[in-house]
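Use the sequences and the hints to build the structure in full.
Protein sequence lines, in the order shown, are assigned to chains A and B. In terms of the numbering used here, the first sequence opens at residue 1 and continues consecutively. In terms of the numbering used here, the second sequence opens at residue 1001 and continues consecutively.
Don't take each hint at face value.
[Unchecked claim] Derived DMTMM-like pairs (lysine to aspartate or glutamate); straight-line CA-CA distance at most 25 Å:
(1) A/Lys173 x B/Glu1051
(2) A/Lys175 x B/Asp1280
(3) A/Lys75 x A/Glu97
(4) A/Lys101 x A/Glu245
(5) B/Lys1144 x B/Asp1119
(6) B/Lys1150 x A/Asp162
(7) B/Lys1141 x A/Asp174
(8) A/Lys125 x B/Glu1345
(9) B/Lys1154 x B/Asp1169
(10) B/Lys1044 x A/Asp172
(11) A/Lys164 x B/Asp1119
(12) B/Lys1071 x A/Glu197
(13) B/Lys1141 x A/Asp193
(14) A/Lys108 x B/Asp1057
(15) B/Lys1044 x A/Asp174
(16) B/Lys1346 x B/Glu1038
(17) B/Lys1033 x A/Glu202
(18) A/Lys464 x A/Glu630
(19) A/Lys175 x B/Glu1204
(20) A/Lys173 x B/Asp1057
[Unchecked claim] Here are some chain A residues pointing at chain B (derived, C-beta under 10 Å):
(21) Asp172
(22) Lys175
(23) Phe200
(24) Glu202
(25) Arg203
(26) Val206
[What the hints assert, rightly or not] Every beta carbon over 12 Å from chain A, so not counted as near; a handful from chain B, in silico:
(27) Glu1052
(28) Phe1065
(29) Glu1138
(30) Thr1270
(31) Lys1301
By construction, these hints were calculated from the structure, which means they are not laboratory data. Treat the numbers as computed from the prediction; the structure is a model and nothing was measured. Think of the CB as a built atom: it goes at the ideal place given N, C-alpha and C, for glycine as much as any other residue.
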Amino acid sequence: MSIEKMELVNIAGLLKDLDNVLLKCCDSECFHIETALHSIDAKRGFEILKEENPYQNVLKKIYSLSNLLSYRPQKADFSSFEPETPDELEDYINSIEVKFKTLNSDIKNLTHEMSERENAASLLKHLQGINVDYERIFSLKHTMVRFGKLPIGNYQKLAYYDEKPFIFFAYDKDKEYYWGMYFVPLQSREIVDDIFESLFFERIHVPDFVHGTGQEAAEENLTILENEKQELKEKKEELKKLLAENKKNINMVFSKIKFLNDSFELRKNASVINGKFYITGFIPAKSVKSFIKLFDNLNDVSVLLSPPDTDSRLEPPSKLKNNRFAQPFSMFVEMYGLPSYHGFNPTTFVALTYTLLFGIMFGDLGQGLVIALVGFIIYKLKKNAMGQILTRIGISSALFGLLYGSVFGFEEALNPLYKLIGLTEKPLDVFKSTNTVLIGAIAIGVCLIIVSICLNIIIKLKQKDYEKALFGNNGVAGLVFYASVLVGGISTIVLKHNLFTPLYIIFLIVLPLLIMFFRAPLGKLLSRSAHTEDGEGGIGTFIAENFFELFEFLLGYVTNTMSFLRVGGFVLSHAGMMLVVMTLAEGASKGAAPIILILGNIFVMCMEGMIVGIQVLRLEFYEIFSRFYEGDGHAFEPIKIDFDAEVK
Amino acid sequence: MPDNFSLNATIAKARAFYGKRLKKQDYDELLHKSSVSEIAEYLKRNTHFSEELEAIDTNAVHRGFLESILKRYNFNQYARLCKFQGLNKYPFYNYMLVSMEIQMVVSCIMHINADASEDFIVSVPSYLISHASFDLLELSKARKYDDVLKVIKKTPYYDVIKGETPDTDGLYDCTQIEHKLRCYYLTWLRKIILKDFSSKVSKEIISIIDIQYDLINIINGFRIKAFSGSSAEEIEKLMLPVYGKLTKAKAHQLFEAKDSSDYIERLKHTFYGQQIMHFDDNMTQSNMETDIHRLRTKYAKIHLRASDNAPVSLYSILFLFDVEIQNITIIIEGIRYKAPVSYIEKLLII
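Next comes the structure, spelled out in structure tokens:
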């Protein structure tokens, strides 16, 4: 339950060795580089390397080629690949492009022609009613014809133009338009064209390749279109084959270019002075020996190691170190935010509490085992952390299912087992022990809150933040107050022994409240720092602000505690949902009952499982983390070349 | 009339429509388009106009047709809202139709005056033809004033303008005709509101109408002062008979301004001027009208959000629909004429 120890590394050398050094850092897979901006000392003459990457254009070119071929290049071994300079690489890409040029051109032309025919098909579909040969229409000498579509709303305005010399024939109608044509004498075409333009008539040009009557033209067009589709398909197959033959070369050139491009980009992380470079970064302490060994053969390069806090400008990155059980749960911690390098790694705590709470809220032996199995399969197939989480919480759910006596909703299935071990009935009947469940949920919440506050005290003491450790609402004062109220309340109400004596109230309730109220000045007093004006307004503002903050703390105690009621609520709701499934199955016919049971269980596992998972995460983040955890660290990210192509 | 509680459904519907309106991000996107086709495509793919534009070929759509489709959409929204709870049976809810009919009559007369009566048909919205209380197609065939009167004979507009006579050039005073019809409209509207609604609802709707028309009067007063330098009395004759938060005395003071700059200065001391200063403390002659429209929009939004009366919600949302269409039209025109984005942006009312 800790954070990987780091070492601060400073690498210096001659500029000529920079690329080599960066490549070795990438190969090490353990070097987290700090950008030169963070560590540069401009006053002493250090500068950042500002160079234009010569490989960018050629990288764009290979992406462009890949897009053209609709192929996503993969990482390949390029050790035997000779072209090195940008020009050589570009020439190589051009040589590949040439092979595909003709085929691509054919496909492009075919696609364009098909697009025209499809547009024509759309038009001809609307004009199928024309029983006259198009060529006869177009060959009229004294009359012009215009094909197109007229908005339906403006069609009614045509009546206004009764006296104008045109005839409009509508052959089809859709949601917005009348499709048709109008005939106009040659000498009147300008006036009539203006009229139709004012009515937003959209003229559509009938392509030259349209022949015959409306129906014939439509059919011929469709036939040719089908033929072209077939031809396009064949061309694409040919392209695919050609691609398969050249795939290896494309992958090699892509890998080399990506490698050269990305490693060149890394140069921006170096600062330079007088022909020498300086790189700063962090490596895990356990990798120090192997890292140093990488530079053995570089005589002009020196690697200097120092403690991670040596440079106050740099915050060491955080790499979580977890045990096998907790490792998958680091996903949740990362979701919230990584701890700082000197912070606390809560992953194991999350793993335990998450598993526990999920098991409580989703207790069913059969469903738990199914979830565990599903998680196992997911992990095996996809190597996904979620799969591992499901396995753990599934088992927890199964164990609590043993407690509740529930197996796929059958509440009596485990009775023989209980009798065998000497119990007369199941350990916890959820419906008969509703109060126990709810009170138990609160009790769990109280324990978790107290544990969280204790963790916060320990963490803050280590960080020497005495204000928060001792005087804050999550410090000793808050703990005393919270515990006193709870103990006093339980003692008074349950045990009928009134602990709320004046002394009790003054020293264990009022005093902690006052301490919390004055936590800021008390903290400053303890750390012997000078009082600084944090805000404006003086005493009045201080009192007003802290009064409302105190109110917020008190409210927070109540709401956070009550929030754990949902744990009990979900226990009941899970049992209730399974009861519904059982009732439906009992009411159904014999054949349908098993199907209802299976589907019902699947539905509950999926839906309620997801809801419970989210609710537990909410409890973790809001009720627990807010007490002690600050995810203000940044991740340890070793530099590497990413061969994932950005082809879309 | 359904009771107030039931009419909450119309209020909710109006607010739901408001939620679908174009946001600032949409306007930013539209401002950076370079053609009418791109604008049409954006509206089709990303806004509440998508269903309306579904059958449109955005590559070939005419600018005017696009604008007419958007206006038609608004009109249909209005019809939907009125039909939703059978409100279209009540005269008040036909106010938009009455207003549009008056616009058509005035437009027709203006075309006749300009000897361009044949072009009037182009400006007739096709969606209005079947809803109008008179035959718009017949109106578009009118070539003289008497033809117009013949078409509108069975409507209340006839009595309002039948007595108008042409000047020595044979032209009719369109300003006067429009003024008379608008005054008729406002009188009719007030009467209908008082008749159809309870006193509480009437008071609220009349007050927002008064505010809107106060602001229209301010704009009209400014234009008259700027372009003809008329006296306060002459301006008052052309003002609509509405006094909301701009009392008669205050309006008179405003219209007494020496010139347009003085008008602006006096405006700053009125209630509305003070309201404008909250969001634009640099009101000038060039941006005054835009500021007034912004204020009108602001009031409409407040009334839509805050009122629990259906007529108020309806009135406000329909105003906001119009503003949205105006904004889109401004952008389309701006892009057509290659105006700078910053210039177009200043004209938008968001």
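Here's how the hints hold up against the structure:
1. A/Lys173 x B/Glu1051: holds (18 Å)
2. A/Lys175 x B/Asp1280: Status violated; Cα separation ~45 Å.
3. A/Lys75 x A/Glu97: Satisfied, since the Cα-Cα distance of roughly 20 Å is no more than 25 Å.
4. A/Lys101 x A/Glu245: holds (15 Å)
5. B/Lys1144 x B/Asp1119: holds (14 Å)
6. B/Lys1150 x A/Asp162: Status holds; Cα separation ~21 Å.
7. B/Lys1141 x A/Asp174: violated (29 Å)
8. A/Lys125 x B/Glu1345: violated (43 Å)
9. B/Lys1154 x B/Asp1169: Given that 25 Å is the threshold and the Cα spacing comes to 29 Å, the pair is violated.
10. B/Lys1044 x A/Asp172: holds (24 Å)
11. A/Lys164 x B/Asp1119: Holds, at about 14 Å.
12. B/Lys1071 x A/Glu197: holds (19 Å)
13. B/Lys1141 x A/Asp193: holds (20 Å)
14. A/Lys108 x B/Asp1057: holds (23 Å)
15. B/Lys1044 x A/Asp174: holds (18 Å)
16. B/Lys1346 x B/Glu1038: holds (21 Å)
17. B/Lys1033 x A/Glu202: holds (23 Å)
18. A/Lys464 x A/Glu630: holds (16 Å)
19. A/Lys175 x B/Glu1204: violated (41 Å)
20. A/Lys173 x B/Asp1057: holds (15 Å)
21. Asp172: violated (12 Å)
22. Lys175: Result: holds, 4 Å to nearest chain B Cβ.
23. Phe200: holds (4 Å)
24. Glu202: Holds, because the Cβ-Cβ distance from A/Glu202 to chain B comes to roughly 5 Å (cut-off 10 Å).
25. Arg203: Since chain B brings a Cβ to about 9 Å from A/Arg203, closer than 10 Å, the hint holds.
26. Val206: Status violated, d = 15 Å.
27. Glu1052: violated (9 Å)
28. Phe1065: violated (4 Å)
29. Glu1138: Nearest chain A Cβ is 9 Å from B/Glu1138, so the label is violated.
30. Thr1270: holds (38 Å)
31. Lys1301: Nearest chain A Cβ is 31 Å from B/Lys1301, so the label holds.
Checked against the numbered hints above, the structure breaks hints 2, 7, 8, 9, 19, 21, 26, 27, 28 and 29 and satisfies the rest.
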